[in-house]
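Undergrad: What follows is each chain in one-letter form.
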Amino acid sequence: MPITRDEVAHLARLSRLALSDAELDHLAPQLDQIIAAVAQVQEVAADGIPPTTHATGLTNVFRDDEPAPCLTPEQALAGAPAVELQRFKVPRILVEE
Amino acid sequence: MNELIKMSAADLSAAVTAGDVSAVEVTAAHLERIDAVDGRVHAFLHVSAEDALSQARAVDQARAAGEPLGPLAGVPVAVKDLFTTVGAPTTCGSKILEGWYPPYESTVTGRLRAAGAILIGKTNMDEFAMGSSTENSGYGPSHNPWDLDRVPGGSSGGSAAAVAAYEAPLALGTDTGGSIRQPASVCGIVGTKPTYGGSSRYGVVAFASSLDTPGPFARNVLDTALLHEVMSGHDPFDSTSIDAPVPAVVAAARNGDVSGMRIGVVTDLSGAGYQPGVMNRFTETVELLESLGAKVTELSCPHFKYALPAYYLIAPSECSSNLARFDGMRFGLRTGSGSAEEVMAQTRAAGFGTEVKRRIMLGTHALSSGYYDAYYGKAQQVRTLIIQDFDAAFSQVDVLVSPVTPTTAFRLGERADDPMAMYLADLCTIPTNLAGNAAISVPCGLADEDGMPVGLHVMAPPLADDRLYRVAAAVETAFTGRLGHPLLTESKGLDA
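As given, the protein sequences belong to chains L and S, one line each in that order. Residue 30 in the working numbering sits at position 30 of the first sequence; the count goes up by one each step and never skips. Residue 455 in the working numbering sits at position 358 of the second sequence; the count goes up by one each step and never skips.
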C-alpha cells in the first residue's frame, strides 16, 4: 500500500520531528519505496509461528533491591541544557487551549 | 613508518610487560601516526592525546612498582563513539550529542582499562550506527585506507579505518546488522560480532536493543580473539547479558585446525548482485578450507531472503522507541522555542540527520495501530523462521560460510541518497543478528576488478564463537603463507 506525503507528515508529527516542506518532499518517496520493499515479509507463510522478540530466551532478569552507589545530582545534571535548583529546567509543558 | 605501529597487540603487550618498550612510547608512536594520517582518513572524532599518555604512564608506573599487568598492557584501542567514556565526549556521530560528556563508563571500556589497554580516541561512525559507509555521520565521512575515494564501510567505519591505517592495533565496534563485519571486510581486517549477550551493552548508546552487539576489530585473528576475550563475559548491569563462560576464542585462534570440521556454504547468499571478484575469492577460500581437511557441503536457508525486509522493520521499530530519549530536556542539544513539545520537535529536527529521521518514521509507521500485525508482528515471526533455518543448518554442519557483503568498498557518494542500495550492503550479515548467533569477517584476498579487499564470513551457533576463530586462523595462516606477508601490507592508499 503506497504511503502519501500527508501520511509521512503525520508520521513526522508522531515522531516529534519538525520537518521542513523540503525534507518532507525528499523523504516521502523514499519511505514509500522502503515500505514497499519491507512489505515482502507479508509473503511469508507464518501461521502458527511464534514471534521472536529477543534471541537469548532470557526472561525476568531481576536483582535484589538493595541500595548501591549511583550518580550524584551534579553528575546527573552535568549534561543538561538548563538547570535550576538542582533540577532539569524545561520549557513549559502545559499549553493553554 | 615507526615499527611500533606495525606490531600486533599480542607482541606490544608482551614487549611492554617485558619492559622492552614503555607504554608511553607505544602510545606516543600511535598518536604520531594519527597526527600524520588522520587528516586524510578521518577515522577519529576525538583523539584523547593527553589522557592516553597519562593512562600509559600509569601502566609504566605499575610495571615499575612490580604490580601484575593486564593482558592488554600498553596496547592502544580506538573506541567507536557510542561507548560511554568518562573524560572523553560521546557523540554517536550525531549533532544532537555534540560535546556531550557521559557521566558513567561503559562496561566494555571499563574492562579494557582494567586490562591495561590505552583508550586512545573515539572513532567516527554512521549516526547512531545507522548506515554502511560512515557517510551518515554528522561530522563527515571516514575514508578507506586502501583507496581514500572509497568508503570504509559502516557503521563502525572509523574503527575499521583506524586499524587498517595503523592508527591503533585494536578497535571496538558494535554490530546491529553487520556494522563490524562489513567494515572489517571492506578494509581488509578482522572483525567479530560475538554471540548476542556475550558482550555487555551497558553504556552502549542503544540503536536496536535486541540486535546491538559490541565486538572487536584487529589486523590479525589472534589479536581479535584477545580483545574479544577481554571485553566479554557476564555483566549484571545488562539484563540481556548471558551468564555463561566466555567461549575459548584465544585458544581457538592459536589452534586453527579445521580438519574434520563440517562447513556449510549457504547457497541463498550468492547470485545476482554479488560482484564476480567477491564470489571468486569466496569460492577459492572454500576450496582452500576443503584442502585443509574441512568437509564442505552446500545447503539452503530458505528464509534468509526475508531477513533484510524483516530487519528493516524490527531495527527501525526499536530505534523509534530508543531514540525517543533524545528530547532536548536532560542532555544533548536543545533548540527552538515554545512549549516543551515544540522544543522537542525542533531539537530533533535540527539534531538528527536524514537517515535517522527516515528510520524513526519507518519504525513509527511499522508500530502504528492498524499496521502492527502486518509489519512488526510479521517481521518477528520471520525472525523465528530464520532461527529455525539456522537450527536446521547447524544440525548438519559446525559453521556456515558466505561472502560478508556482496561488493567491495563502494565509492564515496555512490549510494549516499539511495537508502535501498545502501541497505543491501548488509544482505549476508543480517540473519546472524536476527538469530543472535556469532560471526566473523576474515580477509580472503583482493577482488580482481578493483584490487579491494574481500572478507570471508563465518557464522556459528550461539556461544560457539570459538569455532569462528579456528576457521579464521586457518584461512589467515594459509593466505599469509601463500603471499609471504599479511594481506594488509598490500594496501597502498596511504603509504605508497
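No lab work stands behind these hints: they were computed from the structure. All of these numbers come straight from a predicted model, not from anything done at the bench. Treat the hints with care, as some may be off.
[Said to hold, decoys possible] Examples of chain S residues toward chain L, derived with CB under 7 Å:
| id | residue |
| --- | --- |
| 1 | Ser105 |
| 2 | Ser307 |
| 3 | Pro406 |
| 4 | Met441 |
[Said to hold, decoys possible] Label-pair ranges, simulated between beta-carbon atoms:
| id | chain 1 | residue 1 | chain 2 | residue 2 | range |
| --- | --- | --- | --- | --- | --- |
| 5 | L | Ala78 | S | Lys402 | 43 to 51 Å |
| 6 | L | Pro50 | S | Gln493 | 55 to 63 Å |
| 7 | S | Ala345 | L | Thr72 | 23 to 31 Å |
| 8 | L | Glu66 | S | Gly136 | 19 to 27 Å |
| 9 | S | Met517 | L | Thr53 | 46 to 54 Å |
Even for Gly, the Cβ is constructed at its ideal location relative to N, Cα and C.
Undergrad: Hint by hint, say whether it matches the structure.
TA: Results of checking the hints against the structure:
1. Ser105: 33 Å, violated
2. Ser307: Holds - the Cβ of Ser307 of chain S comes within 7 Å of chain L, reaching about 5 Å at its closest.
3. Pro406: Hint on Pro406 of chain S: holds, closest Cβ of chain L at ~4 Å, below 7 Å.
4. Met441: 5 Å, holds
5. L:Ala78 x S:Lys402: 43 to 51 Å: With a Cβ separation near 48 Å, Ala78 of chain L and Lys402 of chain S satisfy 43 to 51 Å, so the hint holds.
6. L:Pro50 x S:Gln493: 55 to 63 Å: Hint violated: Cβ distance 24 Å, outside 55 to 63 Å.
7. S:Ala345 x L:Thr72: 23 to 31 Å: Cβ of Ala345 of chain S to Cβ of Thr72 of chain L: about 41 Å, so the range 23 to 31 Å is violated.
8. L:Glu66 x S:Gly136: 19 to 27 Å: 51 Å, violated
9. S:Met517 x L:Thr53: 46 to 54 Å: 26 Å, violated
The structure is inconsistent with the numbered hints 1, 6, 7, 8 and 9, although it conforms to all the rest.
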